[in-house]
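Keeping their order, the protein sequence lines are chains A and B.
Offset between the first sequence (1-based) and this note's numbering: plus 2.
Offset between the second sequence (1-based) and this note's numbering: plus 2.
Some clues are possibly wrong.
For identical chains, the list gives no copy identity; a pair is met inside one copy or between any two copies.
Computed list of lysine to any residue pairs in SDA-like fashion (alpha-carbon distance at most 25 Å, straight line) [unchecked claim]:
1) Lys76 with Tyr6
2) Lys83 with Phe9
3) Lys194 with Val31
4) Lys76 with Gln230
5) Lys76 with Phe9
6) Lys194 with Val102
7) Lys111 with Trp73
8) Lys194 with Asn109
9) Lys76 with Ile99
10) Lys181 with Leu144
11) Lys194 with Asp106
12) Lys76 with Val24
13) Lys181 with Lys194
14) Lys111 with Thr74
15) Lys83 with Arg70
16) Lys227 with Pro148
17) Lys83 with Ile123
18) Lys83 with Phe184
Hints were generated in silico from the structure; no laboratory data involved.
Protein chains: 2
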Amino acid sequence: MEGYWCFLALLASALLLGFCSVVFALVWVLHYREGLAWDGGNAEFNWHPVLLITGFVFVQGIAIIVYRLPWTWKCSKFLMKLIHAGLNTIALVLAVIALVAVWDFHNAKSIPNMYSLHSWIGLTAVICYALQLVLGVAVFLLPFAPGSLRATLMPIHAYFGLLIFGTVIATALMGFTEKLIFALSSPGYQYKDSPPEAIFVNVLGVLILVFGAVVLWMATRPHWKRPQEPDLKISHRNGGTLDKEGSTMTDCSNAEKSDVEFNSEAARKRNLKLDEAGQRSTM
Amino acid sequence: MEGYWCFLALLASALLLGFCSVVFALVWVLHYREGLAWDGGNAEFNWHPVLLITGFVFVQGIAIIVYRLPWTWKCSKFLMKLIHAGLNTIALVLAVIALVAVWDFHNAKSIPNMYSLHSWIGLTAVICYALQLVLGVAVFLLPFAPGSLRATLMPIHAYFGLLIFGTVIATALMGFTEKLIFALSSPGYQYKDSPPEAIFVNVLGVLILVFGAVVLWMATRPHWKRPQEPDLKISHRNGGTLDKEGSTMTDCSNAEKSDVEFNSEAARKRNLKLDEAGQRSTM
Chain A
3 MEGYWCFLAL LASALLLGFC SVVFALVWVL HYREGLAWDG GNAEFNWHPV
53 LLITGFVFVQ GIAIIVYRLP WTWKCSKFLM KLIHAGLNTI ALVLAVIALV
103 AVWDFHNAKS IPNMYSLHSW IGLTAVICYA LQLVLGVAVF LLPFAPGSLR
153 ATLMPIHAYF GLLIFGTVIA TALMGFTEKL IFALSSPGYQ YKDSPPEAIF
203 VNVLGVLILV FGAVVLWMAT RPHWKRPQEP DLKISHRNGG TLDKEGSTMT
253 DCSNAEKSDV EFNSEAARKR NLKLDEAGQR STM
Chain B
3 MEGYWCFLAL LASALLLGFC SVVFALVWVL HYREGLAWDG GNAEFNWHPV
53 LLITGFVFVQ GIAIIVYRLP WTWKCSKFLM KLIHAGLNTI ALVLAVIALV
103 AVWDFHNAKS IPNMYSLHSW IGLTAVICYA LQLVLGVAVF LLPFAPGSLR
153 ATLMPIHAYF GLLIFGTVIA TALMGFTEKL IFALSSPGYQ YKDSPPEAIF
203 VNVLGVLILV FGAVVLWMAT RPHWKRPQEP DLKISHRNGG TLDKEGSTMT
253 DCSNAEKSDV EFNSEAARKR NLKLDEAGQR STM
């Protein structure tokens, strides 16, 4: 893999940034706020940032770059699709619980729902994410869609995946802004007074933004792309079964035992030469 | 150009969305707020959203896609770089004036500066944008940098350009959230009561987000990329002068008069075949 150490460094950075974001979210609600509970009060609201940062930011970010991990390139494409879809499903479930938490909290406190730009864009992002997941499973995971449809929809799927991810991060930043203004309301302890909580959550916002930037960089480098599967002829020669996208392998352990090593280096180098020509347009 | 009508439709949409965003910003400050002035009051603050939406969102967005306009493909690359850098310079100047406006307003009202996540990320975006512009001019516009350095830095330049653009949009959404919470503070006329101004500015936020999404889609489709310049051999045959990136043309009018039509179709089709292979990694 070209730039392997750079990839490793960025992956470690992404994991560290994502992990720190989740820890910061927990410290925020447990140390600075009222903790976590399901009682219609502030502690129920607190599930909202914790679950969204964990699922909709961190897990979604990992789901985006999971195909890029070079250790997975010997695993079957189908297995990787299952992992990609599985991580996105976890993120969606956590996001839905987070929405229920804030809905419950608003209703208990007689605060209207869906009045803010944060809520408009956030709910739209969750709906688009769910649609993206359903369409992704129907077209790319299940074996019914023809290859031409997959090829047509893949750039759209990839674009909307990254767009939704970026939109989720923007929505989180809006959410921090809202919460800090509303929650820090005592005289001398308002947002504009920069109390420790305000600084802490601002840093959390920066962490999430940098996490997003690292994920987007990793996801858009053509030379870190999972190699295309070998062509039909090579697959048949090796007696593999061919899925709609030409994968010859059915699971990771089979792949490791098999002699189809061509899948990693030769095919990848062939793709790279072609990709390099399109590098100027990779973002 | 492949998908010409689709490109035209998206370009028209982007221009309409960007234009509407500027009009919405003007209506917001002129109809719902205190208008525009330079007096240290609310009317001075109002330059902040108007100038940022005009320059840092609309003009920056157009600067990003200006290379993609097929009518410019016969113009010299140097001219297009000048236009790209010129538009970005206009955007930067407007952004700096917008920062001065809010700084003045804060100082006049004894409101602290730089306490919010909006200000942290916004100022960072302006500084990164200025650095990106200076480095872009030094490396890509001036004739000193070797081709290898340009080739190495181009993906980084393109990535950071789009990242800053996305960050600016996220910062604008945070700014709307802040302003609506602070400005709509009368009982019964708060943000949560969804008065007309709140709905209006929420719609403005959605317009800007969709504008950003359209620009990012247009900027990342490989088949809408400006064709690479023809190679050295062809350039010399036509008696052109070759700049560092191989352009044979010095200005748009010369190009239109010349017979170097090969620059558009043949070179573009050659690039397209290579790009198509890398299409899955174009976001």
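Right, here's what the structure says about each hint:
1. Lys76 with Tyr6: For Lys76 and Tyr6, the Cα distance is within 25 Å only inside one copy (16 Å; across copies 40 Å).
2. Lys83 with Phe9: within (21 Å within a copy, 31 Å between copies)
3. Lys194 with Val31: Both, since 20 Å and 23 Å are each at most 25 Å.
4. Lys76 with Gln230: within (11 Å within a copy, 35 Å between copies)
5. Lys76 with Phe9: within (18 Å within a copy, 38 Å between copies)
6. Lys194 with Val102: Answer is between; shortest inter-copy Cα gap is 19 Å, intra-copy 30 Å.
7. Lys111 with Trp73: Result: close neither inside a copy nor across copies, 49 Å intra and 57 Å inter.
8. Lys194 with Asn109: Between. Shortest inter-copy distance 13 Å satisfies the 25 Å Cα cut-off; intra-copy 29 Å does not.
9. Lys76 with Ile99: neither (35 Å within a copy, 54 Å between copies)
10. Lys181 with Leu144: neither (41 Å within a copy, 47 Å between copies)
11. Lys194 with Asp106: between (29 Å within a copy, 16 Å between copies)
12. Lys76 with Val24: neither (31 Å within a copy, 51 Å between copies)
13. Lys181 with Lys194: both (13 Å within a copy, 13 Å between copies)
14. Lys111 with Thr74: neither (48 Å within a copy, 57 Å between copies)
15. Lys83 with Arg70: within (12 Å within a copy, 33 Å between copies)
16. Lys227 with Pro148: within (23 Å within a copy, 28 Å between copies)
17. Lys83 with Ile123: Cα proximity of Lys83 and Ile123: none, with 28 Å in one copy and 35 Å across.
18. Lys83 with Phe184: Neither: 41 Å inside a chain and 46 Å across chains, both beyond 25 Å.
Checked against the numbered hints above, the structure breaks hints 7, 9, 10, 12, 14, 17, 18 and satisfies the rest.
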